[in-house]
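Next come the chains, spelled out residue by residue.
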Amino acid sequence: MADKINQSECETDDMEEIIREYYDDIYKYCYWKIKNSTDAQDITQETFLRFIQNFVNYVDMGKPKALLYTIARNLCINWKRKPSYIPLENIENDSSFIISNELDTVIDKMYLHDAVSSLPLSQQEVLLLRYGQDLRVGEIATILNISRFTVMYRLKCAINELNKMKIGED
Amino acid sequence: MKRNIQKKLVEMYQSVPPMPDAEGMTSIIKEAKSIKGVIPKESSLFWFVKTQIRFIDIKVWIFQILLLCMYALFVCATLQNTEGFLLLVPITPIVVLIGTSELSRSFRYRMAEMEIPTHFSLRQVLLARLIIIVAADLFTLTCLMIITALQAYTAINALILYGIVPCLVTAYGCLWIMNRCNRSYSQYYTATYSIALSVVGGISINLWPVWYNASAQGIWLLVFCLALVGFYSEVRKMLNNCSRKLECFNEI
Amino acid sequence: MELILDRLTKQFKNKIAVDRFSYTMKAGVYGLLGANGAGKTTLMRMICTVLSPTDGDILFDGHSINVLNERYCDILGYLPQDFGYYPDFSARDFMLYMASLKGIKNRAAYRRTDELLHLVGLSDVAAQKIRSFSGGMKQRLGIAQAVLNDPKILILDEPTAGLDPKERIRFRNLISDLAKDKIVLLSTHIVSDIECIADQIIMMKKGKLILSGTTADLTEQANGLAWNLIVNPKQLEQYEASYCISNLRHTSTGVELRIVSEEKPTQNAQPTTGSSAVSTAAPASTEEKTGKIVIFQNCGIVQSSGKAGSNSEDL
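Residue numbers (my numbering), protein chains in the order written: chain H, -16 to 153; chain G, 39 to 290; chain X, 356 to 670.
Just so you know, the hints here were simulated from the structure itself, not pulled from any lab data. Think of the CB as a built atom: it goes at the ideal place given N, C-alpha and C, for glycine as much as any other residue.
In silico lysine to any residue, SDA-like type, Cα no more than 25 Å apart, as pairs:
id: 1; chain 1: X; residue 1: K493; chain 2: X; residue 2: I524
id: 2; chain 1: X; residue 1: K493; chain 2: G; residue 2: I94
id: 3; chain 1: G; residue 1: K46; chain 2: H; residue 2: L127
id: 4; chain 1: G; residue 1: K97; chain 2: X; residue 2: S487
id: 5; chain 1: H; residue 1: K48; chain 2: H; residue 2: K63
id: 6; chain 1: G; residue 1: K46; chain 2: H; residue 2: S101
id: 7; chain 1: H; residue 1: K11; chain 2: G; residue 2: N42
id: 8; chain 1: G; residue 1: K45; chain 2: H; residue 2: L95
id: 9; chain 1: H; residue 1: K65; chain 2: H; residue 2: E29
id: 10; chain 1: G; residue 1: K40; chain 2: H; residue 2: Q107
id: 11; chain 1: X; residue 1: K368; chain 2: X; residue 2: K561
id: 12; chain 1: X; residue 1: K460; chain 2: X; residue 2: R447
id: 13; chain 1: X; residue 1: K484; chain 2: G; residue 2: R146
id: 14; chain 1: G; residue 1: K79; chain 2: X; residue 2: K537
id: 15; chain 1: X; residue 1: K460; chain 2: G; residue 2: R92
id: 16; chain 1: G; residue 1: K79; chain 2: X; residue 2: E357
id: 17; chain 1: H; residue 1: K18; chain 2: G; residue 2: Q44
id: 18; chain 1: H; residue 1: K11; chain 2: G; residue 2: E69
id: 19; chain 1: X; residue 1: K507; chain 2: G; residue 2: S81
id: 20; chain 1: H; residue 1: K48; chain 2: G; residue 2: I67
id: 21; chain 1: X; residue 1: K537; chain 2: X; residue 2: A382
id: 22; chain 1: X; residue 1: K563; chain 2: X; residue 2: T574
id: 23; chain 1: G; residue 1: K45; chain 2: H; residue 2: Y136
id: 24; chain 1: G; residue 1: K46; chain 2: H; residue 2: M148
id: 25; chain 1: G; residue 1: K40; chain 2: H; residue 2: L104
Partial pick of chain G residues on the chain X-facing surface, computed with a CB cut under 8 Å:
id: 26; residue: I77
id: 27; residue: F86
id: 28; residue: Q90
id: 29; residue: F93
id: 30; residue: R148
id: 31; residue: M149
id: 32; residue: E153
id: 33; residue: T156
id: 34; residue: H157
id: 35; residue: S159
Between the sequences and the hints, there should be enough to build the whole structure, so can you do that?
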């Protein structure tokens, strides 16, 4: 009985914790999908709004992570379908993006970025989730609704492609 | 080399411009706190009737089962065949009586005032209880008829008629009483009425066997129709009386 | 969020219980004061759709409650003055039953029930039958069910009647906690309850609204109307006949009277100052009842310019 009471008292705290923990990650994810910081934050807000509105229906909040990413991903997909969406491919337009003044590093980054962008979208997705969001293969599989094998296969292909483009060499 | 790629990928993905709205997270947390109060609700009558089943007094179920068992034992022990089906007639009013007290519960225990200002309100409560009780009674009735049919040989339509008509007449009478009498005493009146009907039914088997001739079935059918119409109108009356505007609080 | 009572009238056969009652309520705690038979319960029943008005209307945020129907009941919580319970129910059963009536889904109902039983201090007796509860416990259960659906409007009819002082204080605190951002209307005979938690006081007499305002407003109106006086016990009867005595105490020097009067009753009467004119600080119930009487006598004085005659039938 005491457990039940504590559980209900902690629900808001749980939610707050979840929001604090994943807010930045979701933003980063949305940014890499949308390539626009304002829109990315809008989608982040929307993701969490939907999450908390449905919170009362989920008794076992074991894995909010997967759910959050799924919501965010769907929202990004819908966002891109909008006619007003214009993909910003040029990251140098975000001047604050350039953290280091080192020209080499900047060129390197741009090169890597272009290289990744040239890969098929399915591979970009798994790269982002694996290396950008540090998710496990199983989690990626849940979010994308594909098998673990497919995830690993796509990762492998992507890395091989990048290797061919001589990214790893300095 | 591949490890190098991985490292660079991680680095690349980390470089993200800062969020335009620094307060974004705090505003979501605030929203979360306010939304916490949202309670998921359900509005369908079906859901409501389902939930009400567990709040029906357990004595109702116990008595119905007891009645079934006793009837089964009695029928198996005493009847060999012949007109045993006529035992249905005195027993069905008792079946109905068991359930009717459920309908007046809200008034007898002074819960009605608290039940009215709710989403489903007293009206739906009564309707739900009525549906459950009618379903239970029909089930019990069917079981009684099956038990009887197993022991006695008779035409199915006669069996159904002799089972349902006393049931319906009792139900109509009980509702009629409950709609017109002081709620605290209506329980006693309905009990008296049902038992009287049961006794009359029992006696009629011996005193007036002409009632149970095949030729009389037309009259039974007529009584069935009248009782059905009466029952329906009393149900409507009960539900309308107990809609949100409960004027009966004059009594208090 | 606004609840407007517009010329609400309720007539029973030949008696008018509520007479053209008009008032507007916004978020806050409203105390409804009135003697027995003043029409408080009838008014509250009308607000809660238990009774329909003979005339007049109730509007919530501009919409008539007859039009809103279930949506209005969704934001309403009601604790009647005298409520029963199904004898086979435990506290938890009772809460779950009321939750089902309010349309709250199962998981949320369990969660809410546990939360609220804990809030009112009944979680250790949740499985016990209600028939074993004391009056105070039953009242607490009543208020728990009233807030199940997190209502915006909370109507409590004499919630502290029959409670001992300690429970009354606990109740007051509970209501204060629950009252945030809500319209709370509570009726009572006990003035000290109202003093502590009500933002506005509404006074009813014979079905009419006779006075309303904050505690400060009303206390101010009572200024200069209450007098203290010590008299010989032998003269007591005489004073009781001529003046409205709101309080009476036997001391070693005589009988200390508190008289309510527009004019100074005798030469040596001392004016009672400020809130003590309407307060009932002492825990004894007679003091509280007389406190009530003081207020009503005040009302009589304020409303009519006649003499302050004490006639309890007027109440």
